[in-house]
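A.B. asks: Could you build the full structure based on these sequences and the hints that come with them?
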Amino acid sequence: MAQADRYTELINTPIGRIVQKQIGLPAPVPLKRWTPGDRVVDGRVLIGGAPGGRLATTLAKVAASIGAEASTPLREDLRAAAAAAGLDAGPWTPAAAATQRYAALVFDATGITEPGQLSELREFFSPTIRRVAKSGRLVVLGTTPTATRSASERIAQRSLEGFTRAAGKELKAGATAQLVYVEPGAEDQLDSTLRFLLSSRSAYVDGQVIRVGSGSDVPEIDWERPLAGKVALVTGASRGIGAAIAATLARDGAHVVGLDIPALEGDLKAVTGSLGGSALALDITAAEAPREIAAYLKKEHGGVDVVVHNAGITRDKTLGRMDEARWDSVIEVNLAAVQRVTDALIAGRSRAVLNQGGRIVCVASIAGIAGNFGQTNYATSKAGVIGLVDAYADTLAARGATINAVAPGFIETQMTAKIPFATREAGRRMNSLSQGGLPVDVAEAIAYFASPASTGVNGNTVRVCGQSLLGA
Amino acid sequence: MAAATAKTRALRSSPGTAGLYAKAALPLIPGASLLPFVAGGGSKIPRTVLTLDGVKATRDELAAYDRVCGFTLRDTLPSTFIHVKAFPLHMALMTDGSFPFGAVGLVHLRNRITQLRPVEAGERFDLRVSTMPLQPHPKGRTFTIVSEARVGDELVWQDASTMLRRGTGDKSAPKPPEAIGASQLPFVAQWKLGEELGRRYGAVSGDRNPIHLHALTAKAFGFPRAIAHGMWTKARCLAALESTLPDAYAVDVTFKRPVLLPSKVTFAAEDGRFAVRNPKDDTKIHLEGTVTAA
Amino acid sequence: MTAGPRSVAVIGGNRIPFARSNSNYSKASNQDMFTAALDGLVSRFGLEGERLGEVVGGAVLKHSRDFNLIRECVLGSRLAADTPAYDLQQACGTGLQAINLVAAKIALGQIDAGIAGGVDTTSDAPIAVGEELRNILLDANRGKSTQDKLKPFLRLRPQHFAPAPPRNEEPRTGLSMGAHQARTGAEWGITREAQDELTYQSHQRLAAAYERGFQDDLVSPYLGLSRDQNLRPDTSLEKLAKLRPVFGGKDGTMTAGNSTPLSDGASTVLLASEEWARERDLPVLARFVDAETAAVDYVNGREGLLMAPAYAVPRLLARHGLRLQEFDFYEIHEAFASQVLSTLKAWEDPAFCTQRLGLDAPLGSIDRSKLNVNGGSLAAGHPFAATGGRIVANLAKTLHENGGGRGLISVCAAGGIGVVAILEA
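Chains as they are written, first to last, in full-length UniProt numbering: chain A, 1 to 472; chain B, 1 to 294; chain C, 1 to 425.
Just so you know, the hints here were simulated from the structure itself, not pulled from any lab data.
Hints should not be assumed to be uniformly reliable.
[Unchecked claim] Pairwise CB distance ranges, derived in the manner of DEER restraints: (1) Arg122/A with Arg302/C: 39 to 45 Å; (2) Gly213/C with Gly122/B: 18 to 24 Å; (3) Ala208/C with Gly122/B: 23 to 29 Å; (4) Thr244/B with Glu274/C: 29 to 35 Å; (5) Glu195/B with Asp139/C: 21 to 27 Å; (6) Asp60/B with Glu326/C: 46 to 52 Å; (7) Phe153/C with Thr244/B: 41 to 47 Å; (8) Gln147/C with Gly167/B: 41 to 47 Å; (9) Ser226/C with Gly86/A: 54 to 60 Å.
[Claimed, not checked] Chain C regions said to be covered by chain A (calculated; three or more residues, Cβ under 8 Å): (10) 143-150; (11) 351-363.
[Unchecked claim] Under the rule of at most 25 Å between Cα atoms (straight-line distance), these lysine to aspartate or glutamate pairs were calculated in the DMTMM-like manner: (12) Lys264/B with Glu275/C; (13) Lys27/C with Glu196/B; (14) Lys264/B with Asp66/C; (15) Lys62/C with Glu242/B; (16) Lys345/C with Glu69/A; (17) Lys149/C with Glu195/B; (18) Lys345/C with Glu170/A.
Because the structure is a prediction, the values reported are computed rather than measured.
For each residue, glycine too, the CB sits at the ideal point set by N, CA and C.
C.D. replies: This is how it looks when you write it as structure tokens:
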């Protein structure tokens with residue numbers, strides 16, 4: 001399971017804490033991670049909003065459906081929304097903040113239509129941000145800037161990004177901050193996003209912006225097993241992050257088809273076998289691979305619901321020393337093959353292998369956003385993955401499907417374990433949570449995109465990086 | 001009549017009893033009574049009248065008294081509490097140089113209190129204390145100190161305490177009041193009296209006679225242990241009857257034998273008669289008395 | 001058996017003026033005070049020597065020796081000694097609950113008349129020895145031989161002699177009642193100004209009630225007091241505004257003015273069947289209609305400690321098909337001004353009323369001119385168990401004076417309890 005790194009363990013011993021305080025070292029706390037049966041939020045959820053917002057009822061409904069212990073400010077619209085949504089919301093005024101702790105602060109900023117109203121953010125968060133509990137959550141919801149109705153509104157809504165990112169850096173003890181842009185009309189698409197962001201499933205997701213648009217109707221699902229009856233293809237599933245993705249999707253109820261190169265078939269079978277899934281050993285860069293994969297899925301499962309393009313390689317060299325083989329293999333595995341497989345799975349429209357409402361999730365990388373020394377090939381491929389998500393989003397939306405990407409930051413794997421100590425420590429600590437993430441953190445973000453309830457979540461690239469300083 | 005010749009002395013404040021007890025004990029020293037300021041010099045009770053005006057109980061002393069004696073703290077004074085306020089005047093009388101006996105060693109025989117109406121806790125009253133002439137008694141001679149409390153001109157309370165000076169008796173002396181059948185009265189309660197009771201009552205009443213305070217000081221006066229104050233025993237009986245008392249009543253008790261401390265005693269009562277007895281022997285009566293509507 | 005419950009008459013009440021802690025009643029015990037209030041009631045209604053169905057009451061702070069406090073008071077009173085009695089304790093709800101129980105027995109025909117009330121002293125409070133010393137003493141007591149009895153005392157240390165006075169805090173949260181209410185008040189956004197306003201009004205109205213003689217047949221002087229000692233007819237909003245907060249930290253809104261002080265006092269109420277009252281030619285001020293008791297889970301912080309009355313009232317309203325607005329008078333115990341205002345605000349709140357109370361719509365607001373019209377606990381003081389009796393007698397007389405009407409009583413109590421009742425005349 002979740003294993004903290006040595007430093008985090010040491011810092012969280014009594015002596016370690018003394019040393020940490022004396023010399024001002026970063027103080028990572030072990031992040032709370034989700035296990036089946038956990039409540040979505042453990043503790044008080046404070047739901048506020050700027051007057052004129054359009055999400056009060058939705059937020060109250062979600063809070064009620066997760067059984068949250070909620071409070072709302074004593075404003076008539078918020079109280080009426082809670083009543084209408086069946087949310088047992090305790091009363092709240094800023095004066096109450098001094099004696100309370102919050103597992104989550106949720107703020108509907110959609111009512112902010114001009115910069116002057118941004119002060120609503122200060123009024124709500126100033127008395128509360130220091131009262132956020134360990135591994136707590138701060139979530140601001142705004143209107144997608146491109147979907148606003150005036151310049152002032154667009155400016156004000158765009159401002160929210162700076163606010164949440166900065167607030168995320170002030171949060172302590174494993175707490176995170178996110179911004180969700182909700183398109184007008186997409187109010188009923190928020191359930192899966194809020195459940196993900198509020199819960200410990202998003203432990204290592206911090207300082208992110210997620211856009212939620214109007215998708216098809218959100219189906220009723222069992223939140224404990226959202227992928228029940230679904231088939232999920234996970235490439236590169238034999239180890240590391242891929243194995244964690246397979247395990248997490250299986251936990252959520254999916255039948256996992258693990259894919260990896262024939263050389264790793266033994267490891268792959270060990271993973272899929274333990275998950276009750278199936279193994280498909282082939283090299284995705286092979287010319288026949290896309291067709292074989294499509295045929296396999298069609299034949300064995302009648303199609304596929306979730307495709308996770310996780311397989312990836314690194315072949316690092318500085319650009320001046322970069323040979324053709326290194327360049328090509330990385331682009332081929334990480335990007336070109338991904339596009340070919342995707343094309344094969346969505347070809348044929350209504351008879352496509354990707355089922356109606358399918359989910360494609362790519363694994364990009366923070367390197368694709370920030371760039372990384374010695375990784376021009378890798379960064380190029382991963383930025384391309386982000387481009388792929390952008391390029392395919394509309395196509396997939398048209399068939400009720402979605403495509404999104406996760407961009408992992410420093411994740412503790414065998415791969416990162418080989419990085420020299422100093423570089424590794426720098427990578428680990430240079431983020432708001434002062435620690436590396438775990439493969440499961442990436443897997444949880446993927447599971448969120450994969451959820452049948454995430455119909456309105458399309459074309460996003462969400463970093464799983466603990467709000468890394470890189471590329472921020 | 002006799003009052004005409006009485007010498008009235010008005011006190012400005014209640015005399016402190018501690019000094020008076022030192023004075024009261026002096027006659028016990030052989031030859032001391034020859035000194036002019038020491039009691040024991042005379043052979044007649046002087047016709048002195050002492051008055052003290054404007055007496056008022058403080059809430060604290062009333063509460064402390066009620067607690068020790070078992071009264072409910074009310075807005076009215078227990079009739080025995082006024083006796084406590086008059087007691088320093090008794091002492092002043094008995095320690096006067098012209099008084100024939102020392103106060104220490106006198107035996108309290110009988111006390112009769114008549115409450116004409118309840119005195120409010122906040123009410124000021126005037127005290128007047130005088131003595132009656134010596135009377136013969138089978139075991140010596142007795143005298144009675146009469147105290148009265150008035151609110152303005154209204155007499156509200158009277159108290160007669162009869163003291164015995166042991167000595168040559170007079171067989172022809174009038175018999176003590178008729179026995180009330182104390183042994184036959186039905187049991188009401190058993191009281192456990194602590195060794196510290198004399199000191200506690202001494203503190204709230206100001207009567208710090210050494211015979212009440214400690215076994216050692218009591219022994220000096222010939223008692224095996226300290227003995228309970230007679231007026232405490234009376235007050236305790238009155239507290240037990242508290243809820244049945246009319247506004248105006250007379251309560252009359254005779255002190256038969258001392259109550260040694262610590263000890264257990266029985267309280268017995270019926271129809272306005274009451275007694276404090278030895279729990280092992282109903283015929284051994286410490287105190288007996290009556291309450292009658294006045 | 002009679003058919004159906006009987007109507008229960010409130011004949012009248014008597015209490016002693018409420019004193020501030022460690023003042024006039026500092027030397028008076030619970031027994032002294034309740035006996036005084038009881039004897040005053042007995043003489044007011046000529047009950048000397050009468051055997052009543054029962055006398056019920058209690059005290060929140062009680063010495064262990066007072067296990068039979070009310071019965072002892074009866075024995076020390078002018079009631080017939082064969083009047084039974086029992087003690088009960090439900091924190092500040094004690095007085096109203098005692099009245100409810102006597103009323104219920106009258107309604108059922110089990111008794112014809114009874115007295116209920118309560119008493120408390122914060123001056124003559126029980127002081128216990130610390131837990132360590134208590135264990136040493138118990139061990140010594142268990143010893144068989146002299147040596148066994150002496151040995152535990154070797155464990156004695158000077159610090160063991162520090163007394164353990166009763167604590168005014170909730171055992172499960174370690175917070176004082178005021179600290180709890182400070183949280184609730186902050187949540188409901190109760191302002192300092194609103195609290196001071198209610199406090200000022202309480203003093204003004206109680207002072208006026210004394211001035212016009214309203215309290216003459218409700219209160220008997222005791223130990224030098226003839227009016228409630230906490231009453232400040234000359235207080236003003238300016239004076240109240242100057243007080244420093246005592247709960248809720250430096251930014252708190254609760255002061256010694258808008259919170260009830262620790263007080264001493266006792267109250268009693270005479271209840272009877274209407275027939276019993278008629279036979280004795282006694283007045284019927286009002287009828288005790290019904291009561292409801294609620295409790296809330298304040299421990300996990302989901303509800304305020306003193307919010308239980310907000311739950312009890314709608315249940316009682318539902319039982320009688322009444323709306324919150326269908327009352328001529330409201331008597332809401334002013335434990336803290338903040339408590340009263342929080343309760344009123346909760347009843348106006350849609351989320352609270354639908355989700356917590358299970359109603360279709362908010363109960364709504366009340367006409368504040370009908371609230372605590374003859375003053376409340378902020379002015380009178382609040383000797384915990386004595387408050388219920390004060391309020392019931394007060395409201396019964398108010399209704400009687402009014403020539404009829406309906407009144408609602410609400411009393412909050414420690415432990416997350418609330419007792420509420422309806423009176424009619």
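A.B. asks: None of the hints should be skipped; say for each whether it holds.
C.D. replies: Cross-check of the supplied hints:
1. A C-beta distance of roughly 28 Å is found between Arg122/A and Arg302/C, which places it outside the suggested range of 39 to 45 Å.
2. For Gly213/C and Gly122/B, the Cβ-Cβ distance of about 22 Å falls inside the hinted range of 18 to 24 Å, so the restraint holds.
3. Checked against the hint of 23 to 29 Å, the C-beta distance between Ala208/C and Gly122/B comes to roughly 27 Å, which is consistent with it.
4. Our hint of 29 to 35 Å for Thr244/B and Glu274/C holds, since their Cβ atoms are close to 32 Å apart.
5. Our hint of 21 to 27 Å for Glu195/B and Asp139/C holds, since their Cβ atoms are close to 25 Å apart.
6. Between Asp60/B and Glu326/C, the C-beta spacing of about 51 Å keeps the proposed range 46 to 52 Å intact.
7. At about 45 Å, the CB distance of Phe153/C to Thr244/B agrees with the hint of 41 to 47 Å.
8. Checked against the hint of 41 to 47 Å, the C-beta distance between Gln147/C and Gly167/B comes to roughly 53 Å, which is inconsistent with it.
9. For the pair Ser226/C and Gly86/A, the supplied restraint of 54 to 60 Å holds, since their beta-carbon distance comes to about 55 Å.
10. For the stretch 143-150 of chain C, the stated coverage by chain A is not satisfied: 0 residues place a CB nearer than 8 Å to a CB of that chain, which falls below the threshold of 3.
11. Counting residues of the stretch 351-363 of chain C whose C-beta sits closer than 8 Å to any C-beta of chain A gives 6, which meets the bar of three, so the coverage hint holds.
12. Simply put, Lys264/B and Glu275/C have alpha-carbon atoms about 49 Å apart, too far for the 25 Å limit, and the pair is violated.
13. Distance check on the hinted pair: Lys27/C and Glu196/B sit about 21 Å apart at the alpha-carbon level, within 25 Å; holds.
14. Pair hint Lys264/B plus Asp66/C holds up; C-alpha atoms about 22 Å apart against a cutoff of 25 Å.
15. For the proposed pair Lys62/C and Glu242/B, the alpha carbon gap of about 23 Å is at most 25 Å, so the pair holds.
16. Of the supplied pair hints, the one linking Lys345/C and Glu69/A holds, its CA atoms being roughly 20 Å apart against a limit of 25 Å.
17. Straight-line distance between C-alpha atoms of Lys149/C and Glu195/B comes to about 22 Å, which keeps the hinted pair within the 25 Å bound.
18. Simply put, Lys345/C and Glu170/A have alpha-carbon atoms about 35 Å apart, too far for the 25 Å limit, and the pair is violated.
Checked against the numbered hints given earlier, the structure breaks hints 1, 8, 10, 12, 18 and satisfies all the rest.
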